[in-house]
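Q: This is what each chain is made of:
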Amino acid sequence: MTGPHTSKTIATVTNRGRTAVLAFVILFGAAGIVSVARWIDAHRQMPDKESVQEDLYLQGPTAKRLSIAFNGLAADWYWMRALQYVGRKALHFQDTHPGQLSLNDLGNLNLHVLPPLLRVSTNLDPQFMAPYEYGAMILPTFNNDEAIALLTYGIEQNPDQWQLYQHLGYVYWQRKDYQKSGELYATGGNLSGAPGWMSEMGARMLAEGGSVGAARQMYQHLYEESNDDQVKQLLLRRLLQVDSFEQRDVIRRVLSDYSARLHRCPASWRDVTAALRASRLPIDPNSSAPLDPGGTAYVLVKDGCDVDLDPRSQVPYR
Amino acid sequence: MNQRTVETSVSTKPYTHAPDIKIRTLWRIGTIAGNAFREAVRDRVLYNLVLFVLLLTAGAIFLGELSGGQEAKIIVDLGLSATLLFGVFIAIFVGVGLVHKEIERRTIYAILSKPIGRGEFLLGKYLGLCLTLLVNIFVMGAGVSLALLYVKRGWNPLVFSIWPAILLIYMELAILTAVALFFSSFSSPALSALLTFFIFIAGHFSADLKTFASSLGGTTARWFFTALYYLLPNFSNYSLITPAAHGQVPNLSMMILALLYAAIYASVVLAAGTLIFNRRNFK
Numbered sequence: 001m002t003g004p005h006t007s008k009t010i011a012t013v014t015n016r017g018r019t020a021v022l023a024f025v026i027l028f029g030a031a032g033i034v035s036v037a038r039w040i041d042a043h044r045q046m047p048d049k050e051s052v053q054e055d056l057y058l059q060g061p062t063a064k065r066l067s068i069a070f071n072g073l074a075a076d077w078y079w080m081r082a083l084q085y086v087g088r089k090a091l092h093f094q095d096t097h098p099g100q101l102s103l104n105d106l107g108n109l110n111l112h113v114l115p116p117l118l119r120v121s122t123n124l125d126p127q128f129m130a131p132y133e134y135g136a137m138i139l140p141t142f143n144n145d146e147a148i149a150l151l152t153y154g155i156e157q158n159p160d161q162w163q164l165y166q167h168l169g170y171v172y173w174q175r176k177d178y179q180k181s182g183e184l185y186a187t188g189g190n191l192s193g194a195p196g197w198m199s200e201m202g203a204r205m206l207a208e209g210g211s212v213g214a215a216r217q218m219y220q221h222l223y224e225e226s227n228d229d230q231v232k233q234l235l236l237r238r239l240l241q242v243d244s245f246e247q248r249d250v251i252r253r254v255l256s257d258y259s260a261r262l263h264r265c266p267a268s269w270r271d272v273t274a275a276l277r278a279s280r281l282p283i284d285p286n287s288s289a290p291l292d293p294g295g296t297a298y299v300l301v302k303d304g305c306d307v308d309l310d311p312r313s314q315v316p317y318r
Numbered sequence: 319m320n321q322r323t324v325e326t327s328v329s330t331k332p333y334t335h336a337p338d339i340k341i342r343t344l345w346r347i348g349t350i351a352g353n354a355f356r357e358a359v360r361d362r363v364l365y366n367l368v369l370f371v372l373l374l375t376a377g378a379i380f381l382g383e384l385s386g387g388q389e390a391k392i393i394v395d396l397g398l399s400a401t402l403l404f405g406v407f408i409a410i411f412v413g414v415g416l417v418h419k420e421i422e423r424r425t426i427y428a429i430l431s432k433p434i435g436r437g438e439f440l441l442g443k444y445l446g447l448c449l450t451l452l453v454n455i456f457v458m459g460a461g462v463s464l465a466l467l468y469v470k471r472g473w474n475p476l477v478f479s480i481w482p483a484i485l486l487i488y489m490e491l492a493i494l495t496a497v498a499l500f501f502s503s504f505s506s507p508a509l510s511a512l513l514t515f516f517i518f519i520a521g522h523f524s525a526d527l528k529t530f531a532s533s534l535g536g537t538t539a540r541w542f543f544t545a546l547y548y549l550l551p552n553f554s555n556y557s558l559i560t561p562a563a564h565g566q567v568p569n570l571s572m573m574i575l576a577l578l579y580a581a582i583y584a585s586v587v588l589a590a591g592t593l594i595f596n597r598r599n600f601k
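As given, the protein sequences belong to chains A and B, one line each in that order.
Note that the first sequence covers residues 1 to 318 in the working numbering.
Note that the second sequence covers residues 319 to 601 in the working numbering.
In case anyone wonders, no lab produced these hints; they're calculated from the structure.
Do not rely on the hints blindly, as some may be mistaken.
Stated by the list, open to error - Straight-line distance between alpha carbons at most 20 angstroms, and here's what the computed EDC-like set of lysine to aspartate or glutamate pairs gives:
id, chain 1, residue 1, chain 2, residue 2
1, A, K176, A, E200
2, B, K470, A, E225
3, B, K470, A, D229
4, B, K470, A, E200
5, B, K470, A, E224
Throw the hints in and build the complete structure from the sequences for me.
A: Now the structure itself:
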């Protein structure tokens, strides 16, 4: 006998059963997805990261056209991609060559996609200054021409931005083209809003472009103007290097005086500690060795006749 | 007296007492606009703001790690681009449904049987959606400003300088809404959405049409592309997101001209839409 009450009960039970079956499918299905995905991840042959083709398919002008009104966002995307690209390459290099990565010489990283990434980013947003600055600091470590092309494009697009003249002047200075570097600093210094030291740098480059003092002044200004922590780190190490060049000149003078007096080179740092102290160099209390600007002791080389950086030093070698 | 009776008595009061015909017309348009706004809110159109807030929050938190010190620029680019994109989707998908829904539900018979002109109906719907977009864009703009305050841990001039660009985005959306209503006055929602989206894309390339036209040798082709340039809305006048991210503010005369262009273009498109809608047979 089936009354309305019984039918309702049957319908309720059927609904509950259906809900239970669906819940079962969702729960076990989700668990199944995770299991299968993990199994695939574990058994898939991963392609060698280095062998993967990394070229960019889009040129800057095409990317700009396709981005419609979102060119600024697309430029940001390429910029962040450039940062990730360098970071990924650096990590991979550190994994495969422990302790051999130098931020001042990135030629080993094979960063061949970095120039087009920065180029596309600046094509999409020519007023975006960060890629120009980053390019000026990173590209010369493996490709000067790309750095010059990027910054020349930047100056064409933003002729009133004195910072771009500063960066391009820095690139030419690295090429030891002090004439061109001085001209660029002078041109940038004439722009409205440019600080007075730009013109000073221009004159100094022309007069003593290769001097340590000119290098320090240039790195100091680049450091003060930069907003990028990575670039600041790079410049800080360059400033340490300049300080170290000066310290090594002082130490060489001390060593030279010692050998002139005793007709032999010192056997250890203890032989010249007093002279080093007199030259106001920081000294390691244990070994009596002078300390480099990064706090690592210098080492005596060439049978005590010359000084060099410790391989563990934070100061860039080149 | 039940609720329905109260609403009716309130809404008909101006018809009976307002002496000026213009005021009565404005009242009717305002009523339709208010209803269109309420309908959009009821349809949870403003829920997109939740997604927008999530996007900005995630951006503000993670960009510090990824952007190399460019958080403020990227927040502005991301925020204003999302504002434009979300606005475009609302203008298109809500815009094309405004008239169609009334026809589908047959409520248009009840509306047009009252002393409401078809032009008033279309203009009311348009203004209602413009109001929805205004609320949407204002909240999004405020969200971008707050995100800027968060990422810079304090005051940043971009907090104020982005607002002219936000206003220009709104003008672009106002034009696009008029285009969506124009297409929906004679076409199906799917086709209207497709055509409006096409106009949005083409509008961003319309400046290129002028250059292309001037480079052509043949007179007919030159005339054709020049005409097309003037026919399509020139959205490049409203794309100032990237300069805004660099703290650049458009000058006042440019803003006024852009506003004038948007007002005239939207009026022309709505007039054309009304012309077609007036001839449409709902039987």
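Q: With reference to the structure, classify each hint as holding or not holding.
A: Each hint tested on the structure:
1. Using a Cα cut-off of 20 angstroms, the hinted pair K176 (chain A) and E200 (chain A) holds, with the two alpha carbons roughly 18 angstroms apart.
2. Simply put, K470 (chain B) and E225 (chain A) have alpha-carbon atoms about 18 angstroms apart, close enough for the 20 angstroms limit, and the pair holds.
3. The hinted pair formed by K470 (chain B) and D229 (chain A) meets the criterion: a straight-line CA distance of about 15 angstroms does not exceed 20 angstroms.
4. For the proposed pair K470 (chain B) and E200 (chain A), the alpha carbon gap of about 33 angstroms is over 20 angstroms, so the pair is violated.
5. For the given pair, K470 (chain B) sits about 19 angstroms from E224 (chain A) by alpha-carbon distance, which is consistent with the 20 angstroms threshold.
Of the numbered hints given earlier, the model fails hint 4 alone.
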